[in-house]
Structure formats: structure tokens, C-alpha cells
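> The lines below spell out each chain.
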Amino acid sequence: MNNDLTLIEKINKNLIDQPEILKQEYSVAYIFLNRLNDEELINHWLRTSLLILEGGGRQWDAALQLFKSTEDVFQLLEKDQFIQWLNSGLGFSVKSSNIAAVYFSSSLEFFTKFRGEFFDIWQQFGLDLFKGTLESVDLVTIYFQKSYKLFEVLSENEFKALISTVIKISNRSDDIAKDCLLKIFDILKLLPSGRKKFLDLVILLEVNNFRFLTALFSNSKTLLLNVNIHNRVQLIDIIISIADYNDLNLENCLGYFSKSFSEIPENFHLMIIQYASQLTSHDKSMLESFLNSAPFVLKKISDIQFANWFNKGYSLYLENPQAGIAFFALESANSKQFLDEISSGVDLKNVLDLLKMYCQALGGEDVAVESSTATGDDNISWVSTESSSYGNMVFLPTRIDRYNSKFENYSMFKVVATHQVAHIEYGSFKFDFLKSGNVFNNIRQQVQFSTSQEEKQPLTDMAKFFNLFSEKQLALDIFTITEDFRLDNRVLIEYKGISNSYKKIQLDSLVNRPDIRSLPPRESLIELLLRYSLNQNDKLFSSLKNIHQAKNILYILNQLRNNKSDVEDSAEATLRIYSIIISIDQNDNQTSWKDISNDLDEDLPYIDDSEILHNLDTGQNDFLKDDDYQKMKDVEYRGDFKPEMGQLITDVQSQLENPQENDSDKITKEMLESALEQNADSTGEDSGDLSDGLKAMIQKLSMEMMNQEQFSADPNKMFSEKSSDSDLSDNSESLKIHEEGTFLYDEWDFKVRDYRVDWCLVKEKFISEGNSEYYDRTLLEYSSMVTKIKRQFEQITPEMYRKVRKLDDGEEIDIDDVIEAMIDIKSGVGPSEKLYWKRNKVQRDVAVLFLLDTSASTAEAISDASSYVDSSNIESNLSRTSYKRIIDVEKEAVVLLINAIESLGDMYGIYGFSGYGRENVEFYTVKDIEEPFSDTIKGRVESISPLHATRMGPAIRHATTKLDRVDARTKLLFLISDGRPQDRGYSREGVEKEYGVHDTKMALDEAKNKNINAFCLTVDKTGHDYLKTMCQDMAYEILDDIHILPERLLYLYRRLTT
Amino acid sequence: MARATQTLYNSYIIEEYFLKEEPFYVPVGDEIELFTAAYEQRIPILFKGPTGCGKTRFVEYMSWKLGTSLTKLKKSTNDSSQQNIPLVTIACHEDLTASDLVGRYLLKGDTTEWIDGPLTRAVKSGGICYLDEIVEARKDTTVLIHPLTDHRRVLPVEKKGEIIEASEGFLLVMSYNPGYQSALKDLKHSTRQRFVSIEFNPPVPEIEKKIIQHESGVSSDVAESLAKLGEKIRNLKEQGLEEGASTRLLIYAGKMIAQGIAPRRACQISVNWAVTDDQQLQKAIEEVTFSIFE
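Protein chains in written order, with this note's numbering: chain E, 52 to 1109; chain Z, 1380 to 1673.
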């Protein structure tokens, strides 16, 4: 015990300066060992502890870990092993206290798991890894922290192999070795059956492709997580097979695999792996392309078709490697085409133009068709999103892939489109609360409103109608069925050609519907009604108890099968059916069912209107607020029908078109917004389901409404305040010309009904010269359009050579004229001497002047560039600069114009105008009418920029003067603007805005009197109101989309001059 | 002017042709009353409207109704108890000269002979002179009709040094298709303001259905579908169709169907391919056709 005591004393001495915790742990461990009464053991332990403590520096940490784990470790080990453990711990502490500390702490966990097993190997490799450097200290620390877990997943030999490799790796890079140790356990855990393979892979890479080891360790986990658990081994096989290729970037490759698998459903993983392994022996970039494209392709086609697609690409590769690679990358036209061919789904974007025209034909020219989601193809389901229609908008699903053939899917598209347009064609949104239907009596007015009316007046008649019902969702569902049924029948009667596919889709949509018999009483009746509306004619089940009601609702529905029925009839039918269903007890247990499909022809007792009313009243009043009615499942092809929203938008649209009408019940922007919120509330769980397209549309509408509200200030105000307008009254003198290049013009005052003489001073300036590169660049950007325009314009030219007759001299005599002259001589009339004809180059005698609005408002950015999905040439241009101003498009149009008109040889001038106030109308010359085209002009185009206000009148008058001086048979004046005329004292908000319009109209009339054809082209969508006044009997056009300005302008130019 | 003579000559051949029966015409609006009233007051009339909407048929009908049967150039010599109003139709074209309208001297052996032009004949015989597509005529030619269209009601024949006073029944009727305004082809105001205008639009589907059914002899269902097709195609005007499908085209389609051609095919050849050459548009119209016809 002497030794013991000295040791203890020494230890205590060492412990004096040490933290309290160390002392505590020491005494705990000591007390434990002391109790064992094994002197040798305790002495050994004390000696080891002392040696560690004496090691100085941060050894206390190692000692702490030793003390902490002593008791537990001892209980897990034999005495020999315990001593061995102490020894090796001591050995490590000599090398590095950190290692020793980690060794002690993690060995507890190691022994807990494996007792003494593997202990030798484990600590031996720890020693082997240590190379005496600081780096290797870290490495060994990590080794001890992480590696013991590896014995869970690896056999002894595997472990040896791995750590030997790690040692080899550490010889080249400690970091990678650390990486390996840190991550390998997680990776191996994901590979229950392929651990050996992964080790092989590591070993292989260590030898052949060392640089990708990091990538392997850092990416493998995510990669394997993405892959179906059963296919991971195969994947490792592939990676092994490609691991030693030098030309392959394994890191990227792993990334591709990972990305690809994450996007592909699990059941396809094996297939992808198999195909990929087929490609591994070939060009590596092909593998990459394949992996990149596979998710996209699989969204489009089925797995069987995928095999076709792969084989096609593969055989193509064997013939021509480059072609194969392009095929798999989906870069070649061939591959796109092939993919389209074999995929049975139909994408809206491929048929949008066609369906748009189809819908426009059916529903009227202002029908707009759009995809119901802003961002397409994220959905793999057969119909990615629902169809719906509102106002004049039709939303269609982005993709239909329900059937196995393209034809059927396209047919479905057509059916969906036809149904949606039917809402517009047959007036679903034109519901009039007071109007009687053609089939049913009008009992709407006699019904008591159930919802309290104290809140506010419903915005639409449709909303008013639904306020009649206490169970609004139930009424909504019934109305949806009756209205859709009515529309379907109208379509089936009037569109015989589509009726076959229509009926087929009706039947197919029955497949996924819930069984009538599985639903609660009211829902089952609704389902019955719906199934009947889809022309199901068997298995129409009704519970025995409600059989009478069931027959009645079907009878009522059937009355809509009449091509005279209209939306009011649907509403009446809704009332009647509702009155029946609301009286059904929702809590009934329905056990016995009967198929009533064969009994429908029976005569039914006539339901009296008063009975319905009575039912409605009682049903409404004694309802127990049972909210448990569940909204029915939408029918796929019928999509989502929101009658109130639809009518609201229809009303808003017609109000926007005819702003003057019905001031009393005008819908304001606020009303629209609050209605939207209300809609979200009332439909409960649906609140978030307004589609992106609809949201965008509503936003647009409320913008337009805001504009309109601003403009349409009270007209009375305008007149009452007219004399108080300071701008006109306090400075009412004529102006005088002071300098050259300025011109005076009269201005028309519509209130005075006379001209204000010499009222405006127009200053003519040349626009400053910018960079002429802009011109050429624009031409380049629009190159495909330029060629198209050139072709079109060339068609005008052949008429230039023309036979001119009745000339004094020419190529030849005209036999007709000679005979006529002979006759004249004979009959004693003086003959004409003009007997010759010749081919003459007739000048196209056209002079044209373009007047560009360069007011400040043209600096406005064009809001939604992405919505434009037309000619590709512009698209490419857009992708480059997503942000564009109106003026930029105007400039581009000018470039194209110059280019086109130069080829025709017409006389033309291009001017911009702006200004501030009547004494300051600026008239900028881009190209004077008689000025030849040159680089100077190219330069001027570039520097066209937004300036001040829009005082159109004087600018038009000045342009007229210029055109009038020119000698030409046809004279044209193009006015390109972005809004109404506005200037100080010309268009003051609500006070003088009419003034400018009238003056402009007068200026245009003046032009017309001088035999100049004026044409207004504007991008102001709200422009109809004032343009109607401004261009009464003149042509004008409003562009819906600014981007088509260049194309449209040239088109108009061609049309107007030939 | 050998060519012009040829034109005249052709018209001689059809001169014998005249309607003995009432032409089929279904009024769309108040055009019959308007025409009758204008004719009573001898106010020249201008028809505006797209092609194939019944302008020519209407003038035939009115000439029959107002006089009765129709002849070209001459009064019918048949012993009709009614007073006939001849209808002279002149299709206007770019090369139409004044003498084409008024008349000219022709060589006959060593001598010359004056031949009246169609306009002169109409003036003399007191018929309705119908100038079809007047915008196509040269502007100087159209000036010629000015004295006939105001209170003077005379036709100066320059070559002969004559002025012919229009007979009692004479009336000038022109047709004009505004279409898309072309600056080069617009009527001069001095001409235009001598006429009252009756606007023609494609008939509403119910009336169009009747017309198609009568003219082509198809069943009421087919006629209804054809009328529907016409209505739908007209909706596509904004999309680049210069003119919608005219009633005439629909009648042609009906006739083809009546002859046993499958409806879809009949519409394709007589309607679809007639209204546009644009492939995309053709496809769209085809889809509409396929929806309407089985």
C-alpha cells in the first residue's frame, strides 16, 4: 500500500491546481477502484493517471476522460484488457493529450457495444494513423470519435481494408482521410447490402482517381438517399464501372445522378440505372445528357415509351455519336419531335394557339385563353390543373395525359375547352335575378332571404341568388350540376361533331367518383344527381327511404334537357332541387339501396310551387346549422365553376368597356377586392385555390378600374370649373415667333367652339445624334422578322411596272386607240393624238409621316413581358432584356419601319413630339421627310427618349403642314401614342381632359381636309373612350400588347398603302 | 378597245336571261322599306357590306318587287302585264373607262355606228343600274355618274355631244365593301355623299339558316349547323380573317352536302379553304367544323 500512498499523494499534488471537476471525477473513480481491493490494478491505474497528469499542459482533459470512463469501462472488460486499455491510453497521451482524451471518452461507447471484441484492431489502427504531425492528431481524434461505429456495419476484414485505405489516403491528404472517416458511416448505413462494393469503390478511387474522393464522400449520402433503397447497389456498380475513367468528371456525374433520381419516381430508378449502365461504356457526356433529360422525359411519357425513346437514342448514337448525344440532351429537333410523337400527353402550350382560336370562334372574338397555372409542367398528374372560366377568360389545364393516345388526349382538351367556352356562349355569367327562365316558373322572388341582408348589397345577381340559401355550399353544388348539365346538353345538341368524344369523357369521368352508397344522405343525392347529369344510365342508386325525392330531383334536372333552357332555368332547378334535398335528414342511416335507373320514366306527381316554397322556408328555418355537408368532388372535364366570381368578372369587364353606363350600380375597385376576400371566406378550405391566372386577371382588372376611376371624375365638375382654369385664363394672349425653327398654330377650344389663334408655339429641333450601332443591333435582333417583312414588302413592288396608255410617244402604238381614232375621224369627231403606250415605272406615290409620342409616360416599363407567347423572334429578344419600356418598343418599331420603307422607296419622315405647355411644344426630327437616309439618322433613332407631356394637337398640325408641302398622291399620317393627350392646360385631371381630345380631333380633321389619311395607333388599353371621340370617322387601333407594335405597324402600313 | 367590246358582247349573250320568278330574299331589317322609299324619291342608294351577304340578291329582289321581273339591259318583251324595271349590273374594275359605261362608236364597214354603253341603256330604259364594287373603278370614272345622282338626273354623252335625260324609272345603286380601309381605295366624298347608305351584315343565324335551307336544299338540321358554323367563323375576324364566311359560302357548302358530300369535307372545301390560306387559322376552323358536324 506504500506505493499506493505515494502515488496518491503525487496525484493529489498534481490535482491541486486543477479544476474542481477533475478532482471530483478522480475521487469517484478512485473510490470505485479502491473497493475492488485489487492492489495491482489500482496501482496500475494510479500510475497511469499520474503519468497522464504529469504530462502537463492540457493533459487534465485526458485525465478527466480517463476518470470519467474508468468505472464503466472496467465493468465491461476483463482485467487484462482493462490494463491494456490503460496502457494504450497512456501511450496516446504521450503522443497527444487530445487523442488520449478522445480515446478514453469514445472507448466507453466502443466497449459498450463490442466489449473486448475488435479492441486490438481498433486501437492498433489508431496508432497506425498517427504520424506525429498536428494534422494526424486531428485525424486520429476523428478516427476514435467515428470509427468504432463502423464495426456495426463492417466485418473485421472490411474494417481493416477500409482503414488501410484511409491510411493510404492520409499519406496523400489528411483532409480527405478525415472526410472519409467523418462521412463513411452514414454512407454505409444507407447501403445495407452493398458495403463491400462501396469500399471497393473507395479503394479503386484511391488508386486511380484520387481527386474525386472528396466528391464521393460529400455527395454519396444525398445521392443514395435519393435512390430507391433496393437499387443502390446497382448504382454503386455503375459508379465503380466509371470510376477509373480519366475523362469523366465523377463529381458532376454524381450530381447528375443525384438530381435525376430526386426528380424521378422511385419505381423507375432501376430502369434508369440499367439504361445508364448501358451508356457507361460509351461517351461520358451522353450519360450526363441522359441523366439530365430523363426526369423531364419521364414526365412526358410512360416507362414503356421511355424504352422506345432510349433505344431510339441509343441506336442513333451507334450510327452517329454526335447525333446520339444531342438526342439525349434533347437538343436536336429529332429528339424533340420523337418525344412529342411517342408521348401521348398533350401540352397546352403546343395547342394553345389553336385552342385559343377555337374558343374565340365559339365564344366570340374577345375570349382569352390561358393556362391555369403561371408556371407550367411541374405536375405529373394526368390533368395538371383545373380548367375554369370567368368573364371572357377561359383557363385550361397545362397538360392532359389521361389517355394512351395523343388523339384522345387532344380530344379531351377540346372537350374541356368546349365546355368552358359554353359558359360564355350560353351565358352562365349573364344571370339576371329578375328574369324568368324558359322552362320553369319564376319563384325566386318569393323566397325569403335566409342570410341576413344587413351587411351589404350583393355585388352580382348571382350572389343575390345564393343569398337565398342557408346551406350555401349545397346550393352551389346543385347549381354547378344543373348549369353544367344544361351546358353539356346544349353542346351535345348543337355540336354533333364533338358529341362522341364528349360522351366518352363524360362516361370516363364517372370512373373516379365516389360510390353513391358510401356517402351520407345529402351527399349521396348530390352524387346521384351528378352521375345522372353525366348521362350515367344504370346503377343510379337511391336509398329506399328517399326514393321519391331521388326521382324528383332527377325529374327536375331532366327538364333542363331543352335547348331553350337558360341560366335562369338552372337557377330555378337549383331552388327546386335544393328544397327537396334540404328536407332530408342528414343523420339518417341508409342501409338499403335500390337502382332507380329503370323507373325514371314513371309519371311523377307534379310539385307545386307553393310546396317548394314551403319546403324552402321550413328547411331553411329549422336547420340545426349542420355544416357537415361536404363539397362534392369536381368533375374533371368540367373543372371548377365559380358562378359568383364569374359573373362578377363579367360585370366588371362590361363595365370597363362601357364606362358611361349605369353609374348607379357601378362596381368599384374596393368592392371587387372585398368580394374577393369574401369569396375566399365563404368557400372555406378553398380560399387559396384561386389559380395564378385568375389572380393575375383580377389584378389587371382592378388596375384598369383604378385608371378608369381616375379618369371618370364627375363630368359636371368639369364644366362648372372651366372658367376658373388658371392656365387658360391668366395668360390668354397669342404667342409670337421669336426665333427660327418655331411655328405658331391655332388651337381648338371646344367650349368656345372656335380656334384660339396662334396659341401654340412649336419648336422644331433635330434630335441629338446617338450611336448608330443601335440601329444595326435592333435589325439583327429582329432578323427573322426583317426577312419576313422584306418578303411581304417585295410583293408590293411588282405593280410598279405598268402599261401606260394614251401617250404622245412610246414603245408601240396602241391598236385600240388607233381604231378609236379611226372611228372618230369617220364619225367626224376630233381624234385623239395620244396613240402610244409604254411600260412605265410608276412611282409608288406615297408620302408618310410617323409621329411618335415621346411623352414621359413612355418611360413606363412594360409590365409583363413573359405573358407574351408569340413569334419567336421577339421572344429571343425579350429573354435578353426582361425589362423594356414603351419607348424602347417604339424605337424598335422605328428601326424596322425605316428598314422596310427604304426598300420600298416611299417618302417618309419620322418625328417625335413632346413638350410642356403651349408655348413649348417640342417637335423632334428623327428623319425629315425629304432627308435621305444616312448613318446620322440611325444615330438619331437611338437617342429617342421620353420627355415631357403630350400635346398632340399642335404636333399633328405641324406634321400636317409638313406633309401638305410634299407632292404625293397618297399621304399618310401615323400617330403612335401611349395614352390620351395631356399637357398643362390641355388635359388637367377632370377639368380639362376633354379639351385635349377635342383639339386633337380637330387637328386630325384638318389633316383629313388636306387629303391626308391619319391613323392612330395606341397602346393605351383604356383608350376606346377618348379615341372614339378623337378619331370619329378615322381608323384607329388599340394594341393589346405593346410587343406587337413593330409587326402591327408594318402590317398596317402595308395595308393602308396598297 | 377590242377588249371592252368583248365585255359588251358577252353581256349581249346573257341579255336574254331574266328572272320570271320572285328571287328568294329574306329581309334582315328594314331594308325593303328603305329601298322602296328611296326609289320613290329616286335617291341613289349605296350598299355597304361584306361579300356574299346578299347585296346583289337584294337588288334583284327589289327590281322584281318594284317592277317585277328582271332583265338585263332591255325591258322584257314578253307580254307581261306588269311594268318591268330592268336591272343593269356593271361589275367595276380598274380599267373601266367612261366609254365602257356610256357607249362608243364602232366601225361597221366604212361607216361607224354608235353603241350605247350599259349605263346609257339603263338611263334610257329607266332601269336600275347596279354598279358592283364601285371602289374598284377609277376615280375619274366614278365622277361620270355625278350628274345622274343629283337633281339633274342627266347623262352627258360627250362623244355625241348629247345629254340624255334619265327615264322615269332610272335609279343608280352602287355596292361598296369597306372591308379594311385602304387609303388608296376609298370613295371620294363627293361621290359618297350623293347616296343614301344601306348597311348589310351577315344575317342572324335563324335567318341565315332559312336562307341556306332554301338555297341549298339541305335539311333544317344541316342548315342550322351551317349557320352556326358561319357565326363561329365570323368570330375569328380579329384573328386575321379578312372576311368571315359569307352566306354564299355556306350555301355552297350546303349544296355540296345536298349532293352527298360528307359535311366535314364539304365545309372544308367550300368554307374553310375559301376564307383563309393561313394554316393555323384553317386548323382552327377545321376544329370548329369537326365540333359541329359529325
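Accuracy of the hints is not assured; some may be wrong.
[What the hints assert, rightly or not] Listed next, the in silico DSS-like pairs over lysine-lysine satisfying Cα-Cα at most 27 Å (straight line): (1) E:Lys857 with Z:Lys1589; (2) Z:Lys1538 with E:Lys889; (3) E:Lys816 with E:Lys515; (4) Z:Lys1662 with E:Lys351; (5) E:Lys857 with Z:Lys1634; (6) Z:Lys1518 with E:Lys889; (7) E:Lys555 with Z:Lys1616; (8) E:Lys885 with Z:Lys1616; (9) Z:Lys1589 with E:Lys1061; (10) Z:Lys1567 with E:Lys751; (11) E:Lys547 with Z:Lys1427; (12) E:Lys407 with Z:Lys1616; (13) E:Lys547 with Z:Lys1567; (14) Z:Lys1538 with E:Lys841; (15) Z:Lys1589 with E:Lys615; (16) E:Lys1061 with Z:Lys1567; (17) Z:Lys1427 with E:Lys457; (18) Z:Lys1538 with E:Lys1059; (19) E:Lys407 with Z:Lys1589; (20) E:Lys1059 with Z:Lys1487; (21) Z:Lys1567 with E:Lys400; (22) E:Lys1059 with Z:Lys1518; (23) E:Lys61 with E:Lys119; (24) E:Lys839 with Z:Lys1538; (25) Z:Lys1567 with E:Lys1013.
[Said to hold, decoys possible] A few chain Z residues that don't get close to chain E, going by computed Cβ distances all over 12 Å: (26) Glu1412; (27) Gly1540; (28) Glu1547; (29) Ser1604; (30) Ala1663.
[Stated by the list, open to error] Pair by pair, the computed Cβ-Cβ distance ranges are: (31) Z:Val1405 with E:Glu862: 36 to 44 Å; (32) Z:Val1575 with E:Asn401: 36 to 44 Å; (33) Z:Gly1408 with E:Asn613: 41 to 49 Å.
The hints are simulated quantities; they were obtained by calculation from the structure and are not laboratory data.
None of these values were measured; they are calculated from a predicted model.
Quick reminder that beta carbons are idealized off the backbone N, C-alpha and C, glycines included.
> Each hint needs a verdict: does it hold in this structure or not?
Quick rundown of the hints versus the structure:
1. E:Lys857 with Z:Lys1589: Violated, at roughly 52 Å.
2. Z:Lys1538 with E:Lys889: 26 Å, holds
3. E:Lys816 with E:Lys515: Given that 27 Å is the threshold and the Cα spacing comes to 61 Å, the pair is violated.
4. Z:Lys1662 with E:Lys351: 25 Å, holds
5. E:Lys857 with Z:Lys1634: Not OK: Lys857 of chain E and Lys1634 of chain Z at ~47 Å, beyond 27 Å, violated.
6. Z:Lys1518 with E:Lys889: With Cα atoms ~22 Å apart, Lys1518 of chain Z and Lys889 of chain E stay inside 27 Å; holds.
7. E:Lys555 with Z:Lys1616: Not satisfied, since the Cα-Cα distance of roughly 32 Å exceeds 27 Å.
8. E:Lys885 with Z:Lys1616: 47 Å, violated
9. Z:Lys1589 with E:Lys1061: Measuring from Cα to Cα gives roughly 48 Å; hence the hint is violated.
10. Z:Lys1567 with E:Lys751: Status violated; Cα separation ~43 Å.
11. E:Lys547 with Z:Lys1427: 35 Å, violated
12. E:Lys407 with Z:Lys1616: 13 Å, holds
13. E:Lys547 with Z:Lys1567: 48 Å, violated
14. Z:Lys1538 with E:Lys841: 47 Å, violated
15. Z:Lys1589 with E:Lys615: 19 Å, holds
16. E:Lys1061 with Z:Lys1567: 13 Å, holds
17. Z:Lys1427 with E:Lys457: 46 Å, violated
18. Z:Lys1538 with E:Lys1059: Between Lys1538 of chain Z and Lys1059 of chain E the Cα gap is close to 36 Å, so the pair fails against 27 Å, i.e. violated.
19. E:Lys407 with Z:Lys1589: With a Cα-Cα distance of about 30 Å, the restraint between Lys407 of chain E and Lys1589 of chain Z is violated, given a limit of 27 Å.
20. E:Lys1059 with Z:Lys1487: 50 Å, violated
21. Z:Lys1567 with E:Lys400: 47 Å, violated
22. E:Lys1059 with Z:Lys1518: Holds, because 18 Å separates the two Cα atoms, which is no more than 27 Å.
23. E:Lys61 with E:Lys119: With Cα atoms ~20 Å apart, Lys61 of chain E and Lys119 of chain E stay inside 27 Å; holds.
24. E:Lys839 with Z:Lys1538: 51 Å, violated
25. Z:Lys1567 with E:Lys1013: Holds, because 23 Å separates the two Cα atoms, which is no more than 27 Å.
26. Glu1412: At roughly 26 Å from the nearest Cβ of chain E, Glu1412 of chain Z sits farther out than 12 Å, so the non-interface label holds.
27. Gly1540: Per Cβ check, Gly1540 of chain Z is inside 12 Å of chain E; nearest 9 Å; violated.
28. Glu1547: 30 Å, holds
29. Ser1604: 7 Å, violated
30. Ala1663: The claim breaks: Ala1663 of chain Z does not keep its Cβ more than 12 Å from every Cβ of chain E (closest is about 3 Å).
31. Z:Val1405 with E:Glu862: 36 to 44 Å: 54 Å, violated
32. Z:Val1575 with E:Asn401: 36 to 44 Å: Roughly 52 Å apart at Cβ, these two residues miss the hinted range, so it is violated.
33. Z:Gly1408 with E:Asn613: 41 to 49 Å: 30 Å, violated
The structure is inconsistent with the numbered hints 1, 3, 5, 7, 8, 9, 10, 11, 13, 14, 17, 18, 19, 20, 21, 24, 27, 29, 30, 31, 32 and 33, although it conforms to all the rest.
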